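Taken in order, these protein sequences are the chains called E and A. Going by the working numbering, the first sequence opens with residue 2, and the numbers climb by one from there. Going by the working numbering, the second sequence opens with residue 2, and the numbers climb by one from there.
Incorrect hints may have been included.
Copies of the same chain are indistinguishable here, so a pair counts whether it falls within one copy or spans any two.
[Unchecked claim] Pairs of lysine-lysine residues, derived as DSBU-like cross-links and limited to a Cα-Cα distance of at most 35 Å, are as follows:
id: 1; residue 1: 15; residue 2: 361
id: 2; residue 1: 173; residue 2: 58
id: 3; residue 1: 280; residue 2: 320
id: 4; residue 1: 361; residue 2: 58
id: 5; residue 1: 105; residue 2: 234
id: 6; residue 1: 173; residue 2: 274
id: 7; residue 1: 287; residue 2: 58
Calculated from the structure, these hints are not laboratory results. Here the structure is a predicted model, which is why all the values come from computation and not from measurement.
Number of protein chains: 2
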Amino acid sequence: MKGNFERPNIRAMKGYVPGEQPSDQSVIKLNTNENPYPPSPTVFQSLAEFDAATLRKYPSPSALAFREAAARHHGVNAEEIIATRGGDELLRLVLTTFVDPGEKVAVASPAYSLYPVLTAIQDGQLEEIELNDEWLPDERFAEKANEQGCKVAFIVNPHAPSGTLISQSFIKTIATTFNGLLVIDEAYVDFVSDATHDLTHFAVEAPNVLLLRTLSKGYGLAGLRFGYGIGCKNIIHPMITKTRDSYNLDAISQVLAAAAITDQAYAAGTWAKINTERKNLSDTLKTIGFEVLPSQGNFVLATVPTGSLTAEQLFEGLKASGVLIRFFNEPRLQDKLRITIGTPEENQRLITSLRTLLEKEG
Amino acid sequence: MKGNFERPNIRAMKGYVPGEQPSDQSVIKLNTNENPYPPSPTVFQSLAEFDAATLRKYPSPSALAFREAAARHHGVNAEEIIATRGGDELLRLVLTTFVDPGEKVAVASPAYSLYPVLTAIQDGQLEEIELNDEWLPDERFAEKANEQGCKVAFIVNPHAPSGTLISQSFIKTIATTFNGLLVIDEAYVDFVSDATHDLTHFAVEAPNVLLLRTLSKGYGLAGLRFGYGIGCKNIIHPMITKTRDSYNLDAISQVLAAAAITDQAYAAGTWAKINTERKNLSDTLKTIGFEVLPSQGNFVLATVPTGSLTAEQLFEGLKASGVLIRFFNEPRLQDKLRITIGTPEENQRLITSLRTLLEKEG
């Protein structure tokens, strides 16, 4: 076949399928865990002040000003932070830097469907360690990963797609027991209600822990593609100096990301509103027959009432009524819907549409 | 050592060292082949009109609007174009997608120092095929790459750091002879004076040719990190659907890049000015004793006069006088300086400083 030069592992794999991004702006979009609120006013101001003439020059290769701002916020050193094009780039860099082809990668699953994709690209072997009935990691997660000789393990906390929060003490036990590099994907950590949940200092002091953070969710900047990692220098340094694309972040996003992370008060205000709505939406879903896992993310995983429409039918019905949510046709998820927390008005629209669909059926 | 999980190939390698980006804005910066002119007015306008509120949503995963704009410009199909975070991301994707660890990669060298770095990250084997005395590829380049069993070959055209242009007929001969995928890095092609030099249609029709383009040089957008590849669908498709990070380009850069590539008249105006200055600077350098290779890029490679200061001494002397150029401490380049074409005023400052240094010596 013309132009077929793919490596065997690439030819055999399927790519990641992102959530739908409809062009119709009237659609209620509760399918990709975006923040329903815009970014901080300081982001608008930084954008307005950005001089396009400066774009003719290369940007800071390692996004130093952002890393310094993030380091100030977390009380760590800039060399313990790597800035990346969304959290996705950090996940890729972990595999590129630390996992040889053929080596094993543990994932507490079901989880973010990008992990298997990135592992396949690196020609690594995925070891899926099933979450328990409460959607938390197996109590022997670290031991099982060690028995399989896993080089890297991914844990999502709060977990996606369940929203369940793993306690700090259990995370620390996993980290100290696991022989490889433990990556804790904290994409949703900003929405954790417990203000004492903070693993940043543990991460920089531990020899084998990398935290993933992103501005996509908590800071209303999914369109900016900006994330970062926090860990000890020996984990961060090779990714900054060797495996990262030489100028991985453009000049505009560096400035806007620094503005966003510096305005913690604004971001925290959106988290509080979302967390209030998370409670309201969960309660309402329960009153109409759904089971809802206790979530600490900006989404809930809801099990549809039995004897009613299937999850897939509800997903399709909502879509037809202009409300997008997420249905995963995967083990343990076939009877569930993942719903992003929107504004009160959006959540109301969702509930109204759900009620209509269920009543029609009843 | 704490946190030392690097793969052996990563531990053994050295990272890419980008050209200096001084914070002192008064420095004359002729060291990283940036365009001395700002981007198109349409880029300024698009930036001013961009609504930061839209950043809360994910961007187009594959930068479709940009790809359509680029396809219109080149008269090809959008599915024959991949948009990437600078040309660097495309180079990485080529290795990730098409080169298995241990497989061989041919480079016409000396060339862009990123190729060996990316090959080392992928744990590939670099086959350096020496450029001839005119800084053009060996006439048996394709045969030699075939004899070594190379899966991918990189050619830079116009070549960097020499600026020399390989003829279209020789490129086509190499492509049809080579058994693997031929990547033609056309980062500097916008500065070619010959308007008939255009390999885009050859590339999409050939089974094994990928062109690399970037907005960094020709469009004055190094800070935006935006490039693209052109090739047949079977080469482009796996990179778009499998190996690319799922949202590799942020929303702002997608809009600005589409604006830039649509305003060809403005960009071509900057190319004409730079090409005029390329001739002027080359002539002047020759009058003060330098040999200058015929360049079709936005830079020249100049051999310093013998019996004078060394290239490294001139580099250092210029730097002390506030003019940054590039010196490569590598085989064949020790007696040479690579100088980016600046504005007439910047080039004059360079010449004045060079004369002063050479006269002091004399």
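Hints versus structure:
no.: 1; hint: 15 to 361; verdict: neither (38 Å within a copy, 65 Å between copies)
no.: 2; hint: 173 to 58; verdict: between (44 Å within a copy, 33 Å between copies)
no.: 3; hint: 280 to 320; verdict: within (24 Å within a copy, 61 Å between copies)
no.: 4; hint: 361 to 58; verdict: between (60 Å within a copy, 32 Å between copies)
no.: 5; hint: 105 to 234; verdict: both (24 Å within a copy, 32 Å between copies)
no.: 6; hint: 173 to 274; verdict: within (30 Å within a copy, 61 Å between copies)
no.: 7; hint: 287 to 58; verdict: between (55 Å within a copy, 28 Å between copies)
Hint violations for this structure: number 1 only, all remaining hints satisfied.
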